[in-house]
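Q: Here is what each chain is made of, one letter per residue.
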Amino acid sequence: MMTGMDRIVAALNGEKSDRIPVFCNLLDQGAKELGIATLQEYYSKGEYVAQAQLKMREKYGYDNLWSLFYVGKEAELLGCKKIIYATDGPPNVEHFVISTYDDIAKLEIPTDLINHPAFAQERICLEILSREAKGKYPICAYLTASMTLPALLMGMDKWFDLLFFGPTDVRDELLRKCSAFFHQEVAAYRQAGADIILYANPFGSTDFIPMKQFNQLSMPWMKKDLQPGGVADVVYYCGSSRMNNVIKPVVEQLAIQTFYLSPNDDVAIGKQNVAGQGLTWGVINDILLIDWTEQEVRAEVKRIIEAGMAGGKFGFGTLVMPYKIPEQNIRAMLDAAYEFGRYA
Amino acid sequence: MLTKIITAYNEAVFDTDRDQALEIIHQAVAEGITPEDIVFKVVIPAMELMIKSISEDFDANLAQHFMASQIASQVTDEMVAKFQTSPHVVGTVILGTSHGDMHTLGKRIVSGCLRSLMIEVVDLGVNIPAEQFVEAALTHNASVIAISSMMMHTARSELGCLKVREILKNKNLEDKIKIVVGGAPYRWDPHLYQAVQADAWAEDGITAGKVIKELIMEMQK
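So the sequences go chain by chain: A and B. Going left to right, the first sequence walks through residues 1 to 344 as this note's numbering numbers them. Going left to right, the second sequence walks through residues 345 to 565 as this note's numbering numbers them.
Treat the hints as calculated values from the structure; they're not laboratory data. Bear in mind the structure is a predicted one, so any value in this text is a computation, not a measurement. There's no promise every hint is true.
One-sided excerpt, in silico: chain B residues whose CB lies under 10 Å from chain A [said to hold, decoys possible]: (1) G444; (2) I453; (3) N471; (4) P473.
No farther apart than 30 Å at their CA atoms in a straight line, the calculated lysine-lysine pairs in the DSS-like style are these [to be verified]: (5) A:K324 x B:K513; (6) A:K212 x B:K513; (7) B:K507 x A:K82; (8) B:K565 x B:K513; (9) B:K507 x A:K32; (10) B:K385 x B:K396; (11) B:K507 x B:K565; (12) A:K45 x A:K324; (13) B:K396 x B:K426; (14) A:K136 x A:K59; (15) A:K16 x A:K134; (16) B:K426 x B:K507; (17) A:K302 x A:K136; (18) A:K212 x B:K520; (19) A:K106 x A:K59; (20) A:K324 x B:K507; (21) A:K223 x A:K177; (22) A:K136 x A:K55; (23) B:K426 x A:K212; (24) A:K16 x A:K302; (25) B:K520 x B:K396.
Where is the CB? At the ideal position from N, CA and C, for every residue including glycine.
Hey, can you work out the whole structure from these sequences and the hints?
A: In structure tokens, the structure reads:
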């Protein structure tokens with residue numbers, strides 16, 4: 001029987017499997033799946049997250065597993081003491097580790113992340129996922145790039161202040177520390193069993209910053225982040241921001257082979273930019289899945305797949321699926337992806 | 345001469361070069377342009393030109409929006425302090441992020457943009473309960489409550505905009521106070537503002553300036 005890993009490997013090699021790979025990023029839904037009352041309780045144990053990931057993948061049949069709890073976890077590894085929990089959406093960083101520039105000098109980067117107490121539950125989750133699914137379904141890890149991590153540590157507007165108006169030596173000290181953290185983190189995830197590193201960097205998109213700053217700041221820091229460990233397992237991801245006009249320089253200068261487009265990117269152009277050198281993912285605007293009819297969901301999946309599937313090296317994926325999406329629309333999306341993404 | 349200044353100023357803003365933008369303004373003051381003319385004939389027209397460009401599909405990025413609003417509000421603050429008489433304030437807006445939402449950037453862009461358009465902003469901060477929005481609007485005699493949400497669940501929460509609407513309805517304030525919403529979820533679903541029962545929405549922080557100003561003017565008619 002064909003597995004998710006088989007489909008990914010085939011797509012990367014430009015070969016046909018039974019269908020294109022399909023990634024569905026269900027996270028908070030895991031609590032409901034296990035019948036756990038609150039997201040706080042659900043995210044308190046790596047066992048819960050791993051069990052739910054395995055259960056949801058089995059239930060829906062898509063091709064990936066997540067070791068990600070919530071994005072604020074990275075801030076917790078760096079000293080964040082308070083996370084705000086909701087009943088129907090992802091946890092949010094409430095305590096910012098950096099409130100003054102002096103805090104940047106004091107910020108300590110853990111040197112043995114895999115044994116860090118704040119990483120313990122993720123490690124348990126990765127161990128279970130590896131034991132149950134290694135080699136069959138790719139285990140994804142979400143890592144924030146050095147250019148973007150400061151937003152989790154000080155808030156986006158304070159990071160913009162420092163980035164555009166602040167002293168460059170302080171900015172660079174923070175970026176150096178964030179890049180050092182990325183090196184620790186990527187090594188820990190790889191050691192613990194992650195197969196795919198989703199390199200999350202909205203600052204790698206010109207929706208965030210002008211091309212001049214992309215070239216002068218983002219690109220050099222991406223090189224510093226990624227060069228030590230290589231990019232074979234790295235997926236370029238700008239959150240929901242567009243990436244079509246940076247794909248060529250990213251391929252040329254970083255040698256990244258996999259691009260997870262924004263729903264606002266033109267899929268055909270994205271594929272053209274990747275130019276057969278790697279794998280392109282067409283991504284659905286999953287916020288609209290909350291209110292769409294099943295027919296609308298199906299039509300949009302068809303449109304995305306038809307735009308990118310010809311010639312292979314293509315996958316279909318979601319952003320971080322909002323909790324309020326009804327189950328029938330999750331099924332409608334996946335059924336359509338399996339149907340329209342099938343190789344004849 | 346003013347057209348030339350506006351063009352040079354906007355070029356600097358779009359190049360995210362604050363020092364250059366400020367130098368253009370200071371040079372204009374040194375050449376005899378009054379602080380009043382800087383605000384009303386340079387900063388406001390420049391902001392309006394920016395709003396127009398963005399509405400006509402000029403592909404401005406987040407850094408440019410941030411820079412435009414911060415520079416404009418900084419120049420406005422600096423110039424207003426030098427005005428011969430107190431400026432006429434167009435109206436007052438209550439601003440904050442919705443219940444459970446800690447994201448500040450969008451709110452800050454909106455605030456800077458509004459202040460440069462001579463609209464008074466009462467910024468309540470983040471994670472604001474619905475009741476506080478309404479109380480502040482009554483205290484400050486504001487005609488608009490602007491609610492920023494960066495997450496889908498905080499935009500749609502029953503404790504957010506929907507609750508503000510419910511309070512306004514129960515207190516018969518719907519004719520006096522309008523609700524404007526903005527933030528990432530609204531960009532991904534342009535009909536979402538209706539689902540959360542807001543009166544209007546804005547696609548970005550700079551456009552929010554236009555939307556809110558028009559709403560205030562309409563209510564003052």
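Q: Against this structure, judge whether each hint is valid.
A: Hints, verified against the model:
Annotation: interface hint on G444 (chain B) holds; nearest CB of chain A at approximately 5 Å, less than 10 Å. With 10 Å as the threshold, the beta carbon of I453 (chain B) comes within range of chain A, its nearest partner Cβ sitting at about 8 Å, so the hint holds. With a least beta-carbon distance of about 7 Å to chain A, the hint placing N471 (chain B) at the interface is held under the 10 Å criterion. Taking 10 Å as the C-beta cut-off, the interface hint given for P473 (chain B) is violated, the closest approach to chain A being about 14 Å.
For the hint linking K324 (chain A) to K513 (chain B), the alpha-carbon distance of about 26 Å falls within 30 Å, and the restraint holds. A threshold of 30 Å between alpha carbons decides the hint, and for K212 (chain A) with K513 (chain B) the separation of about 49 Å lies outside it, so the pair is violated. Taking the CA atoms of K507 (chain B) and K82 (chain A), the gap is near 26 Å; set against the 30 Å cutoff, the hint holds. Note on K565 (chain B) and K513 (chain B): the hinted pairing holds, with a Cα-Cα distance of about 22 Å set against a maximum of 30 Å.
This hinted pair checks out: K507 (chain B) and K32 (chain A) have alpha carbons roughly 25 Å apart, not beyond 30 Å. Straight-line distance between C-alpha atoms of K385 (chain B) and K396 (chain B) comes to about 16 Å, which keeps the hinted pair within the 30 Å bound. A distance of roughly 27 Å separates the Cα atoms of K507 (chain B) and K565 (chain B); the hinted pair therefore holds under the 30 Å criterion. Under the criterion of a C-alpha separation no larger than 30 Å, the hint pairing K45 (chain A) with K324 (chain A) is consistent with the structure, at around 23 Å.
A distance of roughly 29 Å separates the Cα atoms of K396 (chain B) and K426 (chain B); the hinted pair therefore holds under the 30 Å criterion. Note on K136 (chain A) and K59 (chain A): the hinted pairing holds, with a Cα-Cα distance of about 16 Å set against a maximum of 30 Å. For the given pair, K16 (chain A) sits about 22 Å from K134 (chain A) by alpha-carbon distance, which is consistent with the 30 Å threshold. Using a Cα cut-off of 30 Å, the hinted pair K426 (chain B) and K507 (chain B) is violated, with the two alpha carbons roughly 42 Å apart.
For the suggested pair K302 (chain A) and K136 (chain A), the alpha carbons sit about 27 Å apart, so the restraint of at most 30 Å is met. The hinted pair formed by K212 (chain A) and K520 (chain B) fails the criterion: a straight-line CA distance of about 46 Å is larger than 30 Å. Between K106 (chain A) and K59 (chain A) the alpha-carbon distance is near 46 Å, which puts this suggested pair outside the 30 Å criterion. A threshold of 30 Å between alpha carbons decides the hint, and for K324 (chain A) with K507 (chain B) the separation of about 18 Å falls inside it, so the pair holds.
Distance restraint check for K223 (chain A) and K177 (chain A): the Cα-Cα separation of roughly 15 Å lies within the 30 Å cut-off, and the hinted pair is therefore satisfied. Note on K136 (chain A) and K55 (chain A): the hinted pairing holds, with a Cα-Cα distance of about 15 Å set against a maximum of 30 Å. Using a Cα cut-off of 30 Å, the hinted pair K426 (chain B) and K212 (chain A) is violated, with the two alpha carbons roughly 36 Å apart. Restraint check: the Cα-Cα separation between K16 (chain A) and K302 (chain A) comes to about 19 Å, which is no more than 30 Å; the hinted pair holds.
With a CA separation close to 28 Å, the supplied pair K520 (chain B) and K396 (chain B) stays within the 30 Å bound.
Violation of the numbered hints given earlier is confined to hints 4, 6, 16, 18, 19, 23; the remaining hints are satisfied by the structure.
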